[in-house]
Amino acid sequence: MAKTGITLTRRGLGAMLAVGLLAGGLAGCGNSDTGGDGDSGSSGGGNGKLVIGFSQVGAESGWRTANTNSIKESAAEAGYELKFDDAQGKQENQIKAIRNFIQQKVDVIAFSPVVESGWDTVLKEAKDAKIPVILTDRAVDSADKSLYKTFIGSDFVKEGRLAGEWLVKEKSAATGPVNIVELQGTTGSAPANDRKKGFAEAIAANPNLKVVASQSGDFTRAGGKQVMEQFLKANPKIDVLFAHNDDMGLGALEAITAAGKTPGKDITIITIDAVKDGMQALADGKFNFIAECSPLLGPQLMDLAKKVKAGEEVPARVETEETTFTQEQAKAALPNRKY
Amino acid sequence: MSTVRARAAGVTGHRLFWPLVVLVLLLMANAIYRPSFLSVELKNGHLYGSLIDIVRLSAPLILVALGMSLVIATGGIDLSVGAVAAVAGAVACLYISEQPDQNSLGVVLTAVALGFGVALLLGAWNGILVAGIGIQPIIATLILMVAGRGLAQLIAEGQIITINSGPYKVIGVGHLLTLPFAIVIALAVTVLVAVLTRRTALGMIIESVGGNAEASRLAGIRSRRITFLVYVVSAACAAIAGFMMTANVSSADGNAVGLWVELDAILAVVIGGTALAGGRFYLGGTVVGALLIQTLTTSVYAMNIDPQTSLLFKAVVVIVVCLIQAPAFRARFRRRRSVPVTPVEPVGTEKEQVPA
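Protein chains in written order, with my numbering: chain A, 1 to 339; chain B, 1 to 356.
No wet-lab data here; the hints were simulated from the structure. C-beta: ideal position from N, C-alpha, C; glycine also. Accuracy of the hints is not assured; some may be wrong.
Stated by the list, open to error - Derived coverage of chain B by chain A (criterion: at least 3 residues anywhere in the stretch with Cβ under 8 Å from a Cβ of chain A; other residues may be distant):
#	stretch
1	45-54
2	155-167
3	248-255
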């Protein structure tokens with residue numbers, strides 16, 4: 001009885017593993033089809049059209065989906081052929097995709113690196129094949145900067161600074177101390193470190209502005225709410241909340257309401273990102289200011305691709321065109337938001 | 001005199017004594033840092049204060065840890081509870097978000113029933129893998145821990161589902177008789193599980209399966225059925241916890257809901273005095289363990305401990321609790337002071353044979 005149980009187990013496990021492998025293999029097959037948009041029959045650049053090979057990290061968030069759509073749409077608008085590949089969060093998929101692009105002799109390769117390191121070999125191959133490379137959204141740590149032409153993406157320090165500068169202007173009339181609480185992103189992450197730094201630099205302009213408490217809310221709504229609840233109890237007078245993303249700010253809204261205060265009036269709320277729910281809160285008067293972290297870098301990417309193909313000089317670092325929103329601007333912009 | 005000493009030894013020897021001491025110490029530390037920490041006031045007709053926050057936020061953890069206690073009692077472990085909570089929350093929120101009238105009670109009840117049903121299926125899946133096929137529990141539930149999180153993201157299509165439903169929100173932030181509704185649910189489930197396991201033979205049967213499943217089977221207990229059952233119960237508890245977590249912020253985030261809650265739950269169970277080897281479980285201890293973990297988290301925020309050091313702070317407290325709770329460690333410590341309170345302690349006599 002027990003023995004058959006064990007053999008069954010082994011067989012069951014084996015069968016499950018086999019099924020798993022099969023599924024993985026199938027997904028891999030589907031994934032390696034880099035044809036994407038446009039006619040996959042023509043091999044790169046044959047018909048005079050600019051051909052761009054783009055490898056995306058994956059589809060882990062709404063922000064990323066908007067990023068993908070922006071790149072696809074602007075390529076179609078510019079009349080370029082886009083060979084799109086989804087790396088599903090795996091570096092080996094991305095390296096394979098880049099090698100495919102090299103073989104297909106595309107005009108420009110662009111990609112959002114899954115991780116920072118380990119790109120030297122494949123980037124060298126692209127360089128030898130004389131195909132220019134553009135990094136989007138995330139950087140690589142290669143010592144040899146000639147391996148890629150440029151890096152386009154958000155500047156997190158600047159986002160923090162924009163948030164801080166708005167606050168300095170808003171509170172320029174304040175005579176007494178202004179108490180600020182800060183909801184940080186995931187401890188140690190680049191956006192959390194940089195946004196904190198940029199904000200601190202900006203508010204140093206006015207000694208009345210003081211961060212009285214700063215804790216990590218892990219970029220989540222539940223985290224933001226839980227931390228804000230304690231901030232409210234520990235600090236009787238909170239004038240300003242600075243959250244490193246919209247979601248934490250949205251969570252904090254509930255804590256503020258539960259404490260009997262009016263968000264946006266009793267407490268000035270500043271966040272970063274400008275996702276749809278955040279913009280809605282801003283338009284509703286619950287947030288006061290949002291510094292955008294935009295995924296819509298498609299048009300800029302197409303422009304850069306054209307320039308590097310033509311051999312023009314491009315800056316080594318290009319910032320995504322980003323803006324900021326006040327309540328009035330949010331009301332106007334909300335109907336056209338893509339994410 | 002000797003009876004007083006014996007009674008004192010009985011109190012300090014109780015498995016809940018040290019976790020409770022640490023809990024009280026933590027609360028005192030908070031009160032010293034900020035005296036108003038312990039104050040509870042009436043605001044808008046319900047209780048308001050840091051203590052109430054702790055109780056409310058620990059409700060999901062209490063529920064998950066309850067189910068985990070039963071699973072661990074059978075010698076198993078359930079790593080999938082966080083993912084099950086995320087799936088149940090996502091299913092409920094998705095259903096509500098698609099209805100024209102999100103505030104209708106019928107809609108919310110249907111949503112909760114749907115989420116609960118899916119969770120029961122997932123629990124049954126775990127139960128079949130462990131009890132039916134005989135896969136090791138840590139592997140069997142690891143499958144769902146990974147796949148379930150993916151399922152939750154699939155349901156939400158990788159987005160955060162935001163809802164605006166009054167009745168659903170009550171599960172997470174509502175009040176009943178001035179108390180947070182979430183803790184009322186958690187305590188009701190605790191009492192239900194306690195009565196079902198301790199007022200009937202069920203608890204002992206679960207423990208006997210954990211002690212020796214084969215011997216229990218030979219004694220006439222349907223071991224496999226009991227094992228299957230505890231995984232279903234664990235998933236059911238996780239589902240309710242998932243409703244609370246998503247109702248707390250009126251949104252379902254497939255990535256974040258219940259993330260790492262399985263580890264907190266295992267910790268709560270262990271702090272409560274239940275051995276991971278199975279064969280015993282203490283529901284009261286589990287509740288205290290869950291309260292202790294939430295108090296730790298809230299203390300970090302209330303005392304504004306630097307985020308970079310907060311994990312270390314938590315780890316140190318947990319290590320201290322686990323160490324002073326271990327009889328072997330306490331016995332060694334007592335022997336150093338050379339006055340054995342209870343001379344006939346099996347652990348102590350064993351240790352005496354070891355050359356120091």
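Here is how each hint holds up against the structure:
1. 45-54: As far as the stretch 45-54 of chain B goes, the hint holds, because 4 residues have Cβ atoms under 8 Å from chain A.
2. 155-167: It holds: at least three residues are needed, and the stretch 155-167 of chain B offers 4 whose Cβ sits within less than 8 Å of chain A.
3. 248-255: holds (count 6)
Against the hints set out earlier in the document, no violation occurs for any number.
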